[in-house]
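**Student:** Spelled out, the chains give:
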Amino acid sequence: MSVEQNTDLIPLKVHGVLVDPNTDTQIVVLRDETNADVLPIWVGTAEGTSIRLALEDVVPPRPMSHDLITSMTDHLGMTVSHVVVTDVKNNTYYATIHFISNGLERTVDARPSDAIAVALRAKSPIYVTSDVLKRRGGDNLDAWLAKLDPQQFGQSETSDA
Amino acid sequence: MITQMNVRGLLFDPYNNAYIVILRDEENADMLPIWVGKSEASAISFALESIAPPRPMTHDLMKSILDNVDAKVLSAVVTDLKDNTYFAKIHLWYGDSEYSIDSRPSDAIALALRAEAPIFTTEEVLRKQNSEELERWLENLKPEDFGKFEA
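In order, the protein sequence lines correspond to chains A and B. By the numbering used here, the letter at position 157 of the first sequence is numbered 157, and the numbering carries on one by one without gaps. Whatever position you read off the second sequence (first residue = 1), add 161 for the numbering used here.
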């Protein structure tokens, strides 16, 4: 990614993981540093759980899939420099993971859930393009989020074996 | 001594609401059942059925990262069984060195299938798992339980 495009990147923090009570999914809530913009991304149960474990600095007894990815990149001397939520098409978000290997930057296509789970473990920044943030659905999103019971935050079963 | 194992299939275990990956050696003499979670079972099933999902799943991403730097998966080895938990290692070739990475068997198998790398276990692990008890247990499973799970 060129320097010009990088100026369009907005850093985001993972605010939390919500359980969507109506579906078997979870919602990763990303916010910009001023809390002005929010980006909710629907993810599967396993991915939501993985992101929550990383947020809470929980080290499971056995490595989960994203711990394994981090372990592999560490072993091979690769550094995750950052991840970017790059696009949204038909309600599907797209992301890239950027890593440095032997001094070269490399980019891999990923689902945002995997990219975020990897970034949190590598303590690497998460960005979104301003274009995606502009196009994210629904002006009434904040109202929708406000209506969610705070109890729902962080509640999920750890179903992975 | 290590033995090469093939993934023979996935079972649904209705009693534990979990999935079982069945590994067998080439002569079908030894069997290793490994209980895994739903998302891991789904990852293994996609690879067994050569389904390419529209977006990369976690183990597709793993393979894509390795491919990107020309790292090769040499093998996956189920190395130990302790207190009903199986342990595995993924062997990678990168640069001119071999790397061995601690993993759950489910991740190691899901990655090995995608990389078309062999899966091994040790004779000690095969000895440790009590096959007699397992076969009795398998007899109680209904054929309908085979292969039933949501991707």
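These are calculated hints, taken from the structure and not from any lab test. It is possible that some hints are incorrect.
Beyond 10 Å from chain B on every Cβ pair, some chain A residues (computed) [claimed, not checked]:
id	residue
1	I10
2	P21
3	N22
4	T23
5	I27
6	R31
7	E33
8	N35
9	E47
10	L68
11	I69
12	D109
13	A110
14	D114
15	P125
16	R135
Between beta-carbon pairs, the in silico distance windows are [what the hints assert, rightly or not]:
id	chain 1	residue 1	chain 2	residue 2	range
17	B	K243	A	D24	49 to 59 Å
18	A	T107	B	W254	20 to 30 Å
19	B	E284	A	R135	50 to 60 Å
20	B	K233	A	P61	24 to 34 Å
21	B	R288	A	N22	41 to 51 Å
Just so you know, even glycine gets a beta-carbon here, dropped at the ideal spot from N, CA and C.
**Student:** Taking C-beta pairs only, is A:T23 more than 10 Å away from all of chain B?
**Tutor:** holds, 13 Å
**Student:** Decide, holds or violated, for the assertion that all CB atoms of chain B are farther than 10 Å from the CB of A:N35.
**Tutor:** At about 29 Å from chain B, A:N35 clears the 10 Å cut-off, so the statement holds.
**Student:** Determine whether the non-interface label on A:R31 survives the test: each CB of chain B must be over 10 Å from its CB.
**Tutor:** holds, 24 Å
**Student:** Taking 10 Å as the cut and beta carbons as the points, is A:P21 off the interface with chain B?
**Tutor:** About 19 Å separates A:P21 from the closest Cβ of chain B, which puts it past 10 Å; holds.
**Student:** Hey, is A:I27 genuinely clear of chain B, shortest beta carbon separation above 10 Å?
**Tutor:** holds, 17 Å
**Student:** Are all beta-carbon distances from A:P125 to chain B longer than 10 Å?
**Tutor:** Since the minimum Cβ distance to chain B is about 18 Å, A:P125 lies beyond 10 Å and the statement holds.
**Student:** Does the Cβ distance between A:T107 and B:W254 fall inside 20 to 30 Å?
**Tutor:** holds, 23 Å
**Student:** Would you say the C-beta atoms of B:R288 and A:N22 sit inside 41 to 51 Å of each other?
**Tutor:** For A:N22 against B:R288, whose Cβ atoms are near 49 Å apart, the range 41 to 51 Å holds.
**Student:** When you take the CB atoms of B:K233 and A:P61, is the distance between them in 24 to 34 Å?
**Tutor:** holds, 29 Å
**Student:** At the C-beta level, are B:E284 and A:R135 separated by a distance inside 50 to 60 Å?
**Tutor:** Since the Cβ atoms of B:E284 and A:R135 sit about 57 Å apart, the hinted range of 50 to 60 Å holds.
**Student:** A:D114: least C-beta distance to chain B exceeds 10 Å?
**Tutor:** Not fine: 5 Å to the nearest Cβ puts A:D114 too close to chain B.
**Student:** So is A:R135 really clear of chain B, every C-beta pair being over 10 Å apart?
**Tutor:** Given that every Cβ of chain B is farther than 10 Å from that of A:R135, nearest at about 18 Å, it holds.
Against the hints set out earlier in the document, violations occur for numbers 9, 10, 11, 12, 13, 14, 17.
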